[in-house]
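Going down the list, the protein sequences come from chains D and E.
With this note's numbering applied, the first sequence covers 1 to 280.
With this note's numbering applied, the second sequence covers 1 to 236.
Keep in mind the hints are simulated off the structure, nothing from the lab.
Mixed in with the good hints, there may be bad ones.
[What the hints assert, rightly or not] Sample of chain D residues lacking proximity to chain E, with all beta carbon distances greater than 12 Å (derived):
| # | residue |
| --- | --- |
| 1 | Q51 |
| 2 | V104 |
| 3 | D191 |
| 4 | D273 |
| 5 | R278 |
[What the hints assert, rightly or not] Only some residues are given here: those of chain E computed to face chain D with a beta carbon under 7 Å:
| # | residue |
| --- | --- |
| 6 | T3 |
| 7 | R7 |
| 8 | A73 |
| 9 | M78 |
| 10 | A79 |
| 11 | A144 |
| 12 | E219 |
Note that CB positions come from ideal geometry on N, CA and C, so glycine has one too.
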Amino acid sequence: MNLSIHLDTTVNHAVVQEIEDDNLVPAIEAISLNVYYADFLAVREVDIAIQKQKITALIGPSGCGKSTVLRAFNRMNDLIPVARTEGEVLFHGQNIYSQGVDPVEVRKRIGMVFQKPNPFPKSIYDNIAWGARINGFQGKKSQMDDLVEQTLLGAALWDEVKDKLQDSGLSLSGGQQQRLCIARTIAVRPDIILMDEPCSALDPISTLKIEELMRDLSDDYTIIIVTHNMQQAARVSDFTAFFTLTEDRAGVLMEYGNTTDLFTNPKQQVTEDYITGRFG
Amino acid sequence: MATINPRETLDRALQELLDEILVLGSMVEEAVRTAVSALKARDLTASERIYEADEKINKKHFEIEDRCIILIATQQPMAKDLRLLAAVIEISTELERMGDYAKGIAKINILLGTEPLIKPLIDIPRMADLGLDMLHRSLGAFVAGDAETARAIPKEDDQIDALYNQVYRELVTYMIADTSTIDRANFLLWAAHNLERLADRVTNICERTIYLATGEQRELDRTDDELIHFEKKYKD
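Build out the structure end to end from the sequences listed, making use of the hints.
What follows is the structure in structure tokens.
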């Protein structure tokens, strides 16, 4: 593990990145990523390689651009009319912002779980089956049943819902709804799962269940989570990226490294100040 | 409108902990100083009082540890705050063990009872003075987060090791010359050994200060000169 520091003169801050391990493979990589909302530069010159089958937490004060960066990873910002993206996001060697890349296809491979659980107003079964069907699933009913069961098992929800698959997804508790949303995301077998504050609306036990689920899922999926809860980032993630605001209110990446290092001995004073509650 | 300091509670609690470490340090200094002067003066009453002082030291150590555990549970400290609490727990333990050394020296005085010392104490009080001076400054460096001073202090351990070797050679000479002094010489050797270990524990405190200031976990160089005597003799 080597420490590399490069001074990014365009933004006048030192980005400390401390992830160098031959066993790690990037799953997705942002290169010189800028995101604008109309004329406002929300995220400036972000370079970050997210590691495959690891959990990466994006943390930082409100308005630092962490959710914008998260949404840039599956072109979710495209849905905001005034949003504009510069730079590259490489996924399997391909810039997902290149002309000709279908954002719907990108979102199939890179799924997203939102802050508030948002199951479809359909049965638990259909919440899972729907995604498969619109993605061209042609199998028999028994094969769909298997897919639903396997997916709900994967989301650690099967035992709780197996006897009421035809009940509405909205009849579940908040934590169960969120796991249903995670199940819906993994039903289409993405490579990457983006999570935007997935536990902020949940009670502590439901939160811990989601965190345990994330750990299990990271055997097969790459997970990127935005969280305001630093203890959650410390508990659940392998790597942490700390973003902050510059004077012109653009979000920048300040430090990125092993979660244990970042929370016990951060390299940047501004990271230390944030995680010890001196600002933010 | 007055600004709200989001760290006010935590900062106050951390400052109180540092104050408490200094209080515990003073209690230990006092106990060691009294134990050695009581041995020198053969004052058995003063030595008995060290037992009471040790109980207070143990109690203070547990209080400090409890405060740290509560802060970890309630404040979820990170980075330097977390390192500070980890360091305080460790330093408190080091100080508690130093208190045990004081009690050990008091016990030696009581065991000697009415027997006279085989020699006037000169080097043992010097070891105590040097060790306690190192301890005092090491705690000052800790509360100031002064890694530079913390790196320098352990080097002074060589003087204490040299004194220990001197005491050892002198006492062995007594034992060889007159076997009836073996018990009493051994008692003094234990007292000297306790003081030598006290100085080693000062090095541990300095390591914690460096950890607090830099996050670096590293054992500081120690010469272990007190063993050179044996290494030379039993090398082969």
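Hint check:
1. No beta-carbon of chain E comes within 12 Å of the beta-carbon of Q51(D); the shortest separation is about 22 Å.
2. For V104(D), the shortest C-beta to C-beta distance to chain E comes to about 40 Å, beyond the 12 Å cut-off, and the non-interface label holds.
3. With a closest Cβ-Cβ approach of about 31 Å to chain E, D191(D) is found to remain outside the 12 Å limit, as its non-interface label requires.
4. Separation of D273(D) from chain E is inadequate, the least Cβ-Cβ distance of about 9 Å not exceeding the 12 Å criterion.
5. For R278(D), the requirement that its beta carbon stay farther than 12 Å from each beta carbon of chain E is not met, with the minimum near 6 Å.
6. Against a cut-off of 7 Å between C-beta atoms, the interface hint on T3(E) is violated, since the closest Cβ of chain D lies about 12 Å away.
7. Satisfaction of the interface hint for R7(E) is found here, the shortest Cβ-Cβ separation to chain D being roughly 5 Å, below the 7 Å cut-off.
8. For A73(E), the suggested interface contact is broken, since its CB lies about 12 Å from the closest CB of chain D, more than 7 Å.
9. Given hint, M78(E) at the interface with chain D, holds; its Cβ is 4 Å from that chain's nearest Cβ, closer than 7 Å.
10. A distance limit of 7 Å between C-beta atoms decides the matter here; for A79(E) the minimum to chain D is near 5 Å, and the interface restraint holds.
11. Annotation: interface hint on A144(E) violated; nearest CB of chain D at approximately 18 Å, more than 7 Å.
12. Taken as an interface hint, E219(E) does not check out: its beta carbon lies about 18 Å from the nearest beta carbon of chain D, beyond 7 Å.
When each numbered hint is compared with the structure, violations occur for hints 4, 5, 6, 8, 11, 12.
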